[in-house]
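Enquirer: Could you build the full structure based on these sequences and the hints that come with them?
Chain by chain, the residues run as shown.
2 protein chains.
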Amino acid sequence: LILGSVADSLLELGEFGADRSGGVTREAWTPDLFAAYEWVGERMRALGLEVTVDPAGNLLGRWNVGNGGAVLVGSHLDTVPSGGRLDGALGVVGALHAVARLQEVGFTPARPVWIVAFMDEEGTRFGASYPGSRAFAGEDITRYGEFHDADGVTLAEAMSAHGYDLARAAEATRIGDVRAFLELHIEQGPVLEAEGKQIGVVTAIVGQRDYRLQLRGQANHAGTTPMRLRYDAFVGAARIALGLRDYARAQAGVTANVGRVTVLPGGSNVIPGFVELTIDLRAPKVASAAAAEQAVERLVAGVAREEGLEADLEQTSAADPLELDPDLVEMVEQVASGEGASTLRMPSGAGHDAMVIGRRVPAAMIFVPSVGAISHSPDEHTHPADLERGVQVLAAALRQTAS
Amino acid sequence: LILGSVADSLLELGEFGADRSGGVTREAWTPDLFAAYEWVGERMRALGLEVTVDPAGNLLGRWNVGNGGAVLVGSHLDTVPSGGRLDGALGVVGALHAVARLQEVGFTPARPVWIVAFMDEEGTRFGASYPGSRAFAGEDITRYGEFHDADGVTLAEAMSAHGYDLARAAEATRIGDVRAFLELHIEQGPVLEAEGKQIGVVTAIVGQRDYRLQLRGQANHAGTTPMRLRYDAFVGAARIALGLRDYARAQAGVTANVGRVTVLPGGSNVIPGFVELTIDLRAPKVASAAAAEQAVERLVAGVAREEGLEADLEQTSAADPLELDPDLVEMVEQVASGEGASTLRMPSGAGHDAMVIGRRVPAAMIFVPSVGAISHSPDEHTHPADLERGVQVLAAALRQTAS
Numbered sequence: 113l114i115l116g117s118v119a120d121s122l123l124e125l126g127e128f129g130a131d132r133s134g135g136v137t138r139e140a141w142t143p144d145l146f147a148a149y150e151w152v153g154e155r156m157r158a159l160g161l162e163v164t165v166d167p168a169g170n171l172l173g174r175w176n177v178g179n180g181g182a183v184l185v186g187s188h189l190d191t192v193p194s195g196g197r198l199d200g201a202l203g204v205v206g207a208l209h210a211v212a213r214l215q216e217v218g219f220t221p222a223r224p225v226w227i228v229a230f231m232d233e234e235g236t237r238f239g240a241s242y243p244g245s246r247a248f249a250g251e252d253i254t255r256y257g258e259f260h261d262a263d264g265v266t267l268a269e270a271m272s273a274h275g276y277d278l279a280r281a282a283e284a285t286r287i288g289d290v291r292a293f294l295e296l297h298i299e300q301g302p303v304l305e306a307e308g309k310q311i312g313v314v315t316a317i318v319g320q321r322d323y324r325l326q327l328r329g330q331a332n333h334a335g336t337t338p339m340r341l342r343y344d345a346f347v348g349a350a351r352i353a354l355g356l357r358d359y360a361r362a363q364a365g366v367t368a369n370v371g372r373v374t375v376l377p378g379g380s381n382v383i384p385g386f387v388e389l390t391i392d393l394r395a396p397k398v399a400s401a402a403a404a405e406q407a408v409e410r411l412v413a414g415v416a417r418e419e420g421l422e423a424d425l426e427q428t429s430a431a432d433p434l435e436l437d438p439d440l441v442e443m444v445e446q447v448a449s450g451e452g453a454s455t456l457r458m459p460s461g462a463g464h465d466a467m468v469i470g471r472r473v474p475a476a477m478i479f480v481p482s483v484g485a486i487s488h489s490p491d492e493h494t495h496p497a498d499l500e501r502g503v504q505v506l507a508a509a510l511r512q513t514a515s
Numbered sequence: 113l114i115l116g117s118v119a120d121s122l123l124e125l126g127e128f129g130a131d132r133s134g135g136v137t138r139e140a141w142t143p144d145l146f147a148a149y150e151w152v153g154e155r156m157r158a159l160g161l162e163v164t165v166d167p168a169g170n171l172l173g174r175w176n177v178g179n180g181g182a183v184l185v186g187s188h189l190d191t192v193p194s195g196g197r198l199d200g201a202l203g204v205v206g207a208l209h210a211v212a213r214l215q216e217v218g219f220t221p222a223r224p225v226w227i228v229a230f231m232d233e234e235g236t237r238f239g240a241s242y243p244g245s246r247a248f249a250g251e252d253i254t255r256y257g258e259f260h261d262a263d264g265v266t267l268a269e270a271m272s273a274h275g276y277d278l279a280r281a282a283e284a285t286r287i288g289d290v291r292a293f294l295e296l297h298i299e300q301g302p303v304l305e306a307e308g309k310q311i312g313v314v315t316a317i318v319g320q321r322d323y324r325l326q327l328r329g330q331a332n333h334a335g336t337t338p339m340r341l342r343y344d345a346f347v348g349a350a351r352i353a354l355g356l357r358d359y360a361r362a363q364a365g366v367t368a369n370v371g372r373v374t375v376l377p378g379g380s381n382v383i384p385g386f387v388e389l390t391i392d393l394r395a396p397k398v399a400s401a402a403a404a405e406q407a408v409e410r411l412v413a414g415v416a417r418e419e420g421l422e423a424d425l426e427q428t429s430a431a432d433p434l435e436l437d438p439d440l441v442e443m444v445e446q447v448a449s450g451e452g453a454s455t456l457r458m459p460s461g462a463g464h465d466a467m468v469i470g471r472r473v474p475a476a477m478i479f480v481p482s483v484g485a486i487s488h489s490p491d492e493h494t495h496p497a498d499l500e501r502g503v504q505v506l507a508a509a510l511r512q513t514a515s
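Protein chains in written order, with the numbering used here: chain A, 113 to 515; chain B, 113 to 515.
What the hints contain is simulated information worked out from the structure, not anything from laboratory work. The beta carbon of each residue, even a glycine, is placed where N, CA and C say it ideally should be. A hint or two may mislead.
Stated by the list, open to error - Restraint-style ranges between C-beta atoms, simulated for each label pair: (1) B:P377 - A:P377: 20 to 28 angstroms; (2) A:P377 - B:G178: 29 to 37 angstroms; (3) B:G414 - A:A399: 34 to 42 angstroms.
What the hints assert, rightly or not - Just some of the chain B residues that point at chain A, by a computed CB distance under 7 angstroms: (4) A331; (5) A334; (6) F346; (7) V370; (8) L376; (9) G379; (10) Q427.
Expert: Okay, structure coming up:
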């Protein structure tokens with residue numbers, strides 16, 4: 113089994129779950145995902161790795177050389193419905209190619225190297241968040257057992273159908289044997305392309321606060337109610353959306369989004385008496401996340417007071433940011449430069465398995481540019497030369513970490 | 113047939129179409145509306161008026177005295193579904209009481225006095241706008257013939273069911289015999305109550321421009337897209353809503369409302385790529401309506417340019433404001449003061465038959481306060497003393513106009 117170009121490998125792998133949209137639908141605990149595991153597993157074995165799928169459904173290929181904690185390298189093979197060929201897959205295929213290149217040049221690691229494809233990174237099928245890497249890192253994932261997909265199949269049932277037992281997922285915990293984690297991924301954003309940089313050196317994975325905000329004013333006749341006697345919930349929502357934008361623009365790496373908005377009663381000639389909206393707030397540091405949280409609360413309270421609205425702000429989820437290991441960040445930057453790549457330090461605005469693993473052991477992420485910032489779409493694309501460069505940098509970082 | 117208090121008359125009349133909500137449902141061309149006509153018609157006859165229903169379905173009670181053009185006085189008897197007892201009915205009942213009071217004191221008009229209840233002022237059943245007063249004023253209403261209600265019954269069919277022929281509606285045109293129009297109505301807004309005034313002297317009926325605005329930006333990942341690289345259609349919508357509010361607040365009598373808003377794709381973690389919203393813009397003068405129209409266009413174009421959005425602004429309807437006859441406005445203000453009432457000159461933010469009739473002959477409107485600004489609801493209410501005061505002012509204005 114000879115590996116061709118990285119792009120060719122991704123094309124081949126993309127056949128598993130290829131759908132009519134031209135994209136890839138390879139959700140967690142499906143035959144298509146296990147077929148992809150098989151394809152990767154064959155290539156792991158050809159590289160002399162010991163292949164297993166752990167009790168949480170993570171695919172592992174272990175290069176059992178050297179001593180001490182292993183260097184874990186990889187990403188995930190599951191996709192969102194009608195996703196692309198690169199999200200996740202690049203990190204696994206890249207690890208295969210990186211190990212192959214190190215073997216070609218006769219490099220022998222001083223410590224074990226494990227390639228991993230974590231189960232269900234996307235979380236779209238059951239709504240469980242990172243169950244594979246969580247189990248690997250020692251977190252209890254049995255709480256996700258009753259989470260179910262659109263057909264009513266629970267995670268526990270889906271695992272059973274493939275011969276797995278959620279109750280035994282804790283046996284997947286191997287983090288104690290791991291020294292560091294490296295993940296190559298597409299950026300899924302516009303920054304590298306906009307800045308003309310080839311490699312993104314990820315400094316942090318942003319923390320996220322999700323809110324549901326309800327604003328209650330007074331529905332009224334849009335013609336007979338003078339402007340100064342209105343309690344317009346949509347005006348309140350508009351001020352909050354703009355206030356959030358202003359705040360986020362002024363903070364390094366912070367983003368804010370109002371993505372879902374419902375305006376009631378919804379008559380063109382009725383002043384909106386009620387608005388419900390979501391706020392997605394992200395920040396790269398624990399301190400900036402806490403400050404942003406306070407800013408949201410202040411903003412909402414201030415607008416509600418000034419507009420005479422009743423505000424009900426509920427935080428629906430919270431994940432703290434993870435600042436990646438400074439030494440690994442430094443190392444990735446240096447080896448990337450050593451490979452002749454232009455680099456940019458940047459936070460990751462999306463979540464990744466590295467966020468889970470990185471809480472336990474030093475972790476680093478390497479980004480390659482996404483054409484047009486498109487991801488979670490059949491149109492997801494990265495230029496072949498950028499794919500090769502990413503794998504070169506991953507191989508160099510792996511060599512450094514495993515020496 | 114003795115008329116008791118105005119409030120008692122409205123209670124009695126409110127039995128026709130009384131519904132389970134505690135309100136009144138008396139839509140156009142229904143047996144309940146004709147039953148109300150019968151109740152009013154009996155009382156007209158008791159006052160010696162000649163009662164007819166014209167070919168457009170308008171109820172007329174003519175006091176055929178004096179010479180020259182008649183003074184038309186009234187409003188409408190149809191309601192919105194689950195409406196109140198006052199909207200429209202007050203103007204008709206008030207006209208009955210006013211004529212009765214003038215007769216009691218032995219006043220003989222120098223010109224004919226016609227009480228009118230225009231058919232289908234609300235327009236909610238068929239979506240036709242002011243068909244009764246339009247036909248009376250000489251406008252062709254056959255274009256509404258195929259307009260249909262929720263059950264698929266067309267206006268033409270509904271008229272046939274009651275023995276009327278839409279093709280003959282033009283025969284209802286009597287505007288040439290009318291000298292002036294007086295309409296007593298509830299305010300349906302909060303101004304009189306907020307200002308502590310008893311009688312609103314309506315200076316104008318606002319013109320209305322309706323718009324549908326579509327904003328197209330770029331749907332994108334809310335985490336990976338930096339703030340400065342976003343084309344957020346909802347941010348554009350928010351700026352436009354606030355810009356409209358600021359504009360309207362700075363102009364006398366102008367209102368602006370964004371009442372219906374759709375945000376797509378609607379994911380909490382997706383930057384809104386598309387927003388559709390409605391704008392309801394009203395102004396009391398032709399000049400202020402034209403200026404407001406230009407302000408909307410400038411605002412939308414400016415925000416779209418600054419935010420990198422594509423904007424499609426479509427004017428879906430336009431009705432010019434009607435400035436009411438200055439002499440009649442002055443007269444109403446004087447007679448109201450003469451009756452000891454506190455007055456406020458104000459525009460009407462809602463449309464009325466006076467807008468249609470007032471384009472052909474001098475018209476005036478008299479407002480009484482609405483408790484809590486509630487209208488089009490079973491809770492519509494005006495204090496009995498305010499009802500009596502309104503009728504006193506109407507009677508005095510009628511006496512003045514008919515002298």
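Enquirer: Against this structure, judge whether each hint is valid.
Expert: Hints versus structure:
{"no.": "1", "hint": "B:P377 - A:P377: 20 to 28 angstroms", "in the structure": "holds, 23 angstroms"}
{"no.": "2", "hint": "A:P377 - B:G178: 29 to 37 angstroms", "in the structure": "violated, 49 angstroms"}
{"no.": "3", "hint": "B:G414 - A:A399: 34 to 42 angstroms", "in the structure": "holds, 37 angstroms"}
{"no.": "4", "hint": "A331", "in the structure": "violated, 9 angstroms"}
{"no.": "5", "hint": "A334", "in the structure": "holds, 4 angstroms"}
{"no.": "6", "hint": "F346", "in the structure": "holds, 6 angstroms"}
{"no.": "7", "hint": "V370", "in the structure": "holds, 6 angstroms"}
{"no.": "8", "hint": "L376", "in the structure": "violated, 10 angstroms"}
{"no.": "9", "hint": "G379", "in the structure": "holds, 5 angstroms"}
{"no.": "10", "hint": "Q427", "in the structure": "violated, 13 angstroms"}
Violated hints, listed in ascending order, are 2, 4, 8, 10; each of the other numbered hints is respected by the structure.
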